[in-house]
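Following the hints, put chain B in place on chain A, whose structure we already have.
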Amino acid sequence: MGRILIRFDEDQIKEPIASQIIIEYKVPMGILSAHINSKGGEILAEVPDDILEKVVNAFRQRGVSITVPKLIEVDSDKCFSCGSCIALCPVEAISFANDSTVQFDKEKCVGSSCSICVDACPARAIKSIKHNSLENPVNRKKKS
Amino acid sequence: MSKPTKTRSIEEINEKIRKGDAQVLTAEEMKKLVESSGVEVAFKEVDVVTTGTFGAMCSSGAVINIGHSDPPIKIEKAWMNDVEVCHPGAAVDLFIGATNMSEKLPFEYGGGHVIQDLVAGNEVQLRATAYGTDCYPRTSVKTTLTKDDLNQFYLLNFRNCYQRYNCAVNSSDEVIYTYMSKLLPRFRNATFSGAGELNPLMNDPNYETMGMGTRIFLGGAQGYIIGEGTQHSPKNLNGTLMVKGDAKKMSPEFLQGAAFTGYGTSLYVGLGVPIPILNEGLAKKTAIQDKDILTDIVDYSVPRRDRPKFGQVSYKELKSGSITVNGKKVRASSLSSLKVAKKVSYTLKSWIDEGRFFLTAPVERLPTNTVFKAMRQTEEIPFVVSVMHPAVTCTEDEEIQAIAKRIVTRSVNHIVVVDEAGKLLGIVTSWDITRAMAEGKTALSDIESHNVVTAKPDEPLEIASKRMAQNNISALPVIDIERKVLGIVTSEDVSRLLGR
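Protein chains in written order, with our numbering: chain A, 1 to 144; chain B, 145 to 644.
Okay, chain A solo, but in the shape it has when bound (with noise of 0.2 Å):
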């Protein structure tokens, strides 16, 4: 599974675009959080493997942002492994070990775009890290 943001503005909200795709392309997609009103929004998005490209390309056409979300960085010096982090992670990527420590499993993280454990983290051990720019060449705001 690989995870999508999906960014809308104002003039997309009022077209059915992800249910279009999904019907399109038959892709059955798992919303992970979706935050949008009337002036916009985003949704944050889990796609199979198989078909991502072609689903990012589909939303890419009709001018949607899309970025693929990139980790979240966990200094673990200064973590102390409370584990306030854990209930908040709504995909399940961080759980305590065996031995109580707190471990983050970079397979699930959706990171940055997510980002909803960082300033819970009483430690300031968990940053998150800024999109690269090169590799999302078409995260950018659709000019007005």
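Bear in mind the hints are in silico, worked out from the structure with no lab data behind them.
From the three backbone atoms N, C-alpha and C, an ideal C-beta is built for every residue, glycine too.
There's no promise every hint is true.
[Claimed, not checked] Not close to chain B: a few residues of chain A, all C-beta gaps over 12 Å, as computed:
1) 2
2) 68
3) 123
[What the hints assert, rightly or not] Cβ-to-Cβ under 8 Å is the rule here; a few derived chain A residues that face chain B:
4) 58
5) 61
6) 75
7) 77
8) 80
9) 82
10) 83
11) 86
12) 87
13) 91
14) 98
15) 100
16) 120
17) 124
Then chain B, alone, in the frame of chain A:
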């Protein structure tokens, strides 16, 4: 309960420690032993049980003496790494409070971090000002200090080691940031604190072996209990300790500065108490398990002293990672570190095993039957419930014309849209009606706002009033937890109260 037949004394245990014969178990190991072999065997075999906890303990700080400058200064105000420190006594004695925040990096760096930096051997900047006297003429000083430059550097924590703590949830529609960390809306997570069955006070709830003068593990070094902590409330199992220890000998692993977004800074403290197994009763008490330790589930979205509760939960459930609140599964996570708490208990065990740590009998016992009183308030503050009045309502199938008429006859500016059960659906203002007239709209659905900012009846009026200002609106429907409309509070209500 039968009277314990056999006892052992602290002197006997210390003699065994000296000879390297003492049997020491961590609290975790003791529970397993009692479960498998029973209290009698556990009492026979075990001399000491070591406990431990590592959590945010805000009422912590350090007393330091920085020596005299030349010419000398009687410090009036001082900052260490831009964190204001207090000057409670004479010229160069200072107290670093864990929750004081940096003036340059508030909410990120504070007194707890200054203490951690000093303990770690880092250089800390000191800035101080004074009014100048004949004996202390200097009016300002700037220097850098490490712990080696300090005459005394004592951790002096007036409330540590809470026996247990609330489990926090948030019933509101907004994320809230509290000292119980980030709480997601509508019960999407729960947080808790405390080591449960490893907590020192839980293993000796009658304070049989610990009191003033008890030698303990504090911040990675030996420290002492110096009395009951502030807010000590042993009667309802919310005991606390006041402790001190030489911070120069401590380790940054067991004393860590912390930052809670939107709340402030604090200090995580590692604290462990050795419990001498003087009788069978203590063997039994130290066998307490997480499933037997209950705590309240408390709604932190209600900004009141007595917050609503949603029943109780055991530390066993909390540590399992999910609990049930109102019949719904809620993921729970800890704020204190079980990993470091365990490390405290086995480090203390190894000190005793190696003959480096001896037990002390308390010089004075701690209170066992007191409770924590609320503040005596001579002034009452107003709450939403004290000014709210019945809301004028309408249903979604009504004509704009009828609603406009109601605005005039009832002389209000806000009409609350409700369903047949009286639950909130939306709001219409006189301005919305005016706009509908100007634009020729006739359907209520075209002008009604569904994103309604609301208030709760037991909220302080000041908070509701701030919410109106922040959202640039002049009224808030007051709703209960099921979104049933109880009334409305308007900016006129607020100004009427202020003008009284």
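Here is what the structure says about each hint:
no., hint, verdict
1, 2, "holds (25 Å)"
2, 68, "holds (25 Å)"
3, 123, "violated (6 Å)"
4, 58, "violated (31 Å)"
5, 61, "violated (32 Å)"
6, 75, "violated (13 Å)"
7, 77, "violated (10 Å)"
8, 80, "holds (5 Å)"
9, 82, "holds (4 Å)"
10, 83, "holds (5 Å)"
11, 86, "holds (4 Å)"
12, 87, "holds (4 Å)"
13, 91, "violated (12 Å)"
14, 98, "violated (11 Å)"
15, 100, "holds (4 Å)"
16, 120, "holds (4 Å)"
17, 124, "holds (6 Å)"
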